[in-house]
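**Student:** Chain A is fixed; fit chain B onto it per the hints.
Number of protein chains: 2
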Amino acid sequence: MYKLITTDGKAKRGVFSTPHGDIQTPVFMNVGTAAAIKGAVATSDLEEINTEVMLCNTYHLHVRPGDEIVKKLGGLHRFTNWKKPILTDSGGFQVYSLAKLRNIKEEGVTFNSHIDGRKIFMGPEESMTIQSNLASTIAMAFDECPPAKAERSYIEKSVERTYRWLIRCRDKINELNNMEDTINKEQFLFGINQGGVIDDIRIDHAKRISELDLPGYAVGGLAVGESHEEMYHILDVTVPHLPQNKPTYLMGVGTPANILEAVDRGIDFFDCVYPSRNGRHGQVYTNRGKLNIKNKKYELDDSPIAEDCGCPVCKRYTRAYIRHLMKADEMLGLRFCVLHNLWFYNNMMREIREAIEEHRFTEYKKMRLQGFEENK
Amino acid sequence: MYKLITTDGKAKRGVFSTPHGDIQTPVFMNVGTAAAIKGAVATSDLEEINTEVMLCNTYHLHVRPGDEIVKKLGGLHRFTNWKKPILTDSGGFQVYSLAKLRNIKEEGVTFNSHIDGRKIFMGPEESMTIQSNLASTIAMAFDECPPAKAERSYIEKSVERTYRWLIRCRDKINELNNMEDTINKEQFLFGINQGGVIDDIRIDHAKRISELDLPGYAVGGLAVGESHEEMYHILDVTVPHLPQNKPTYLMGVGTPANILEAVDRGIDFFDCVYPSRNGRHGQVYTNRGKLNIKNKKYELDDSPIAEDCGCPVCKRYTRAYIRHLMKADEMLGLRFCVLHNLWFYNNMMREIREAIEEHRFTEYKKMRLQGFEENK
Numbered sequence: 021m022y023k024l025i026t027t028d029g030k031a032k033r034g035v036f037s038t039p040h041g042d043i044q045t046p047v048f049m050n051v052g053t054a055a056a057i058k059g060a061v062a063t064s065d066l067e068e069i070n071t072e073v074m075l076c077n078t079y080h081l082h083v084r085p086g087d088e089i090v091k092k093l094g095g096l097h098r099f100t101n102w103k104k105p106i107l108t109d110s111g112g113f114q115v116y117s118l119a120k121l122r123n124i125k126e127e128g129v130t131f132n133s134h135i136d137g138r139k140i141f142m143g144p145e146e147s148m149t150i151q152s153n154l155a156s157t158i159a160m161a162f163d164e165c166p167p168a169k170a171e172r173s174y175i176e177k178s179v180e181r182t183y184r185w186l187i188r189c190r191d192k193i194n195e196l197n198n199m200e201d202t203i204n205k206e207q208f209l210f211g212i213n214q215g216g217v218i219d220d221i222r223i224d225h226a227k228r229i230s231e232l233d234l235p236g237y238a239v240g241g242l243a244v245g246e247s248h249e250e251m252y253h254i255l256d257v258t259v260p261h262l263p264q265n266k267p268t269y270l271m272g273v274g275t276p277a278n279i280l281e282a283v284d285r286g287i288d289f290f291d292c293v294y295p296s297r298n299g300r301h302g303q304v305y306t307n308r309g310k311l312n313i314k315n316k317k318y319e320l321d322d323s324p325i326a327e328d329c330g331c332p333v334c335k336r337y338t339r340a341y342i343r344h345l346m347k348a349d350e351m352l353g354l355r356f357c358v359l360h361n362l363w364f365y366n367n368m369m370r371e372i373r374e375a376i377e378e379h380r381f382t383e384y385k386k387m388r389l390q391g392f393e394e395n396k
Numbered sequence: 021m022y023k024l025i026t027t028d029g030k031a032k033r034g035v036f037s038t039p040h041g042d043i044q045t046p047v048f049m050n051v052g053t054a055a056a057i058k059g060a061v062a063t064s065d066l067e068e069i070n071t072e073v074m075l076c077n078t079y080h081l082h083v084r085p086g087d088e089i090v091k092k093l094g095g096l097h098r099f100t101n102w103k104k105p106i107l108t109d110s111g112g113f114q115v116y117s118l119a120k121l122r123n124i125k126e127e128g129v130t131f132n133s134h135i136d137g138r139k140i141f142m143g144p145e146e147s148m149t150i151q152s153n154l155a156s157t158i159a160m161a162f163d164e165c166p167p168a169k170a171e172r173s174y175i176e177k178s179v180e181r182t183y184r185w186l187i188r189c190r191d192k193i194n195e196l197n198n199m200e201d202t203i204n205k206e207q208f209l210f211g212i213n214q215g216g217v218i219d220d221i222r223i224d225h226a227k228r229i230s231e232l233d234l235p236g237y238a239v240g241g242l243a244v245g246e247s248h249e250e251m252y253h254i255l256d257v258t259v260p261h262l263p264q265n266k267p268t269y270l271m272g273v274g275t276p277a278n279i280l281e282a283v284d285r286g287i288d289f290f291d292c293v294y295p296s297r298n299g300r301h302g303q304v305y306t307n308r309g310k311l312n313i314k315n316k317k318y319e320l321d322d323s324p325i326a327e328d329c330g331c332p333v334c335k336r337y338t339r340a341y342i343r344h345l346m347k348a349d350e351m352l353g354l355r356f357c358v359l360h361n362l363w364f365y366n367n368m369m370r371e372i373r374e375a376i377e378e379h380r381f382t383e384y385k386k387m388r389l390q391g392f393e394e395n396k
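Residue numbers (this note's numbering), protein chains in the order written: chain A, 21 to 396; chain B, 21 to 396.
Chain A on its own, in the form it takes in the complex:
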């Protein structure tokens, strides 16, 4: 499914073929938590800003509207009217980050819904079943994401269990993909590497999951409190032990600079809430760094957010107007900032792909990193 077109250093330029179309990598997946991008961005807008993959959250959709409802409605693609690939996470991360009470056992995790407190059990089989009901293009394995700074003994035990869970996920998705009423019978399973910031655990786990010959692999459990340098180091030591001829996905990362650094270390897929979350707070990205559109200095500024930006917002609207919308609590301001930011991320990925193809990624990365510092 994955074809490596070319490399530039460790940076990979690939294409991942799916039943919902090709994904050109490196790619940034736009996060639509509850089957919608926050900030009133519609799937029709995503087409306009060159989104390649939408990411939806299994946990959120399981609690509302319910994955069985989505299945009855024909799966996420029909539900959201988004025809291109969708990746669903496993629900695991939300279990650890949102749920107040949880109990992790070999079978899985018991926790309380953050919506109504109702007790929910989720293990590898449950996560796979939910993701199969959602009928995403790519399903993620159900893992445990231990705190970055957990004790070695805890991480060792956790990673062992995550490995056993991955086997169960693989067996379950094979079973589900062969069932008659499954919507997407070609759903892909990506395994997830864990191991905190401990090199040998990461490497050993990467080697073992690679042997399972899954369609893709993620590096999980990063960007959860460790430093950027620790994260880059873990990528340096781990990615070489994941198959180069499969997509690699760095989960939940990150800033534009993080993405440039991770591409340089062989990562294909990214996702992050930054562009939408920051946009909702009026923080907008430019090649000269982020700016806060609510700042008084933009009150009379009739230039677009970024002069060199081709997004639908910059083509029509000014900083002064968007500032006014944000100050007046008009939802439209949030929508504009989110739309601009997603376009910025998607466009940077397009530029990254071109730079790798033309074997000038190092220069491109240097130029962008310098630019991002300008407004600091």
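These are computed hints drawn from the structure, not numbers from a lab.
All clues stand as given, with none of them false.
Identical copies carry no separate label here, and so any pair may be met within one copy or between two of them.
Below, simulated DSSO-like cross-link-like pairs (lysine-lysine); rule was C-alpha separation at most 30 Å, straight line:
#	residue 1	residue 2
1	139	92
2	104	347
3	104	335
4	92	317
**Tutor:** Just chain B now, with coordinates in the frame of chain A:
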């Protein structure tokens, strides 16, 4: 500026030519209070849903971002990137409905800003100056909107003052339209008929303002607490005393049924917050009446809001998806409902215009009114 194309009974089919393009009447103006339609609807969306006129609120824009800021930015058209006509109200209605403390004198009204409590004075000259700064296509006269059920003696005095204010508005707009740095030197002033629900005061006032030969006339002070029947009666007795060869505007009205009845009594222009406000609460319009999209019965309903609707939302999204978005507090749900509702209103006006042209407005009105009752 106004050309009466044809009539069907008292219903008028006209075209009002402005420096920002022609307005085909009867028309529904889409309310963009603070220079934006609430519910994350952009001016680019308005083009897609065949909006002819955007209405903005003088009072809101005066307090935020400030009309002088808008003037420096080139006026509302440049500020919002909306090229078609814009009507601004006078600010009077918000003074009476929003401001807590106010003091009405011959000169004008002193009141406290609802944002920061700051004392503001607004009279005819101030309202005209603000609207000239905003550079709308049509400015509304500064009037007093007395409570529907006020005493006759109060309404008589109020209407007299409103008449004197109209003279001052006319003189001021003439002065402003002749000033060198005025953005829209062809800004039109519409007079406003008042008189509560007292026939002879309404009629006398209508006759007197008609003599001023302004570009258009509104009927104000209705839909403020009186019954629909009282409102229709006032239109029956008043509209015949306003010039037929000028646009007539029923301010702040109303439901689709109200609009049909008012068109039948010779009204050209309408505006109302219902489609956007109801949309934000999940109330969506169809030719078979309003429905509440949050209703449980739409959980698995994969039909559009209305099968016979050509709006951008109904073309792509289902009731089940929109219900989910509303239940999950996703802004996108609000945007979809508002967009659908505005399209519904705009489209009904298009159908009304066709029906008048083809001299079958009575039938059309009957059919629509019957339809609206179906889901009650």
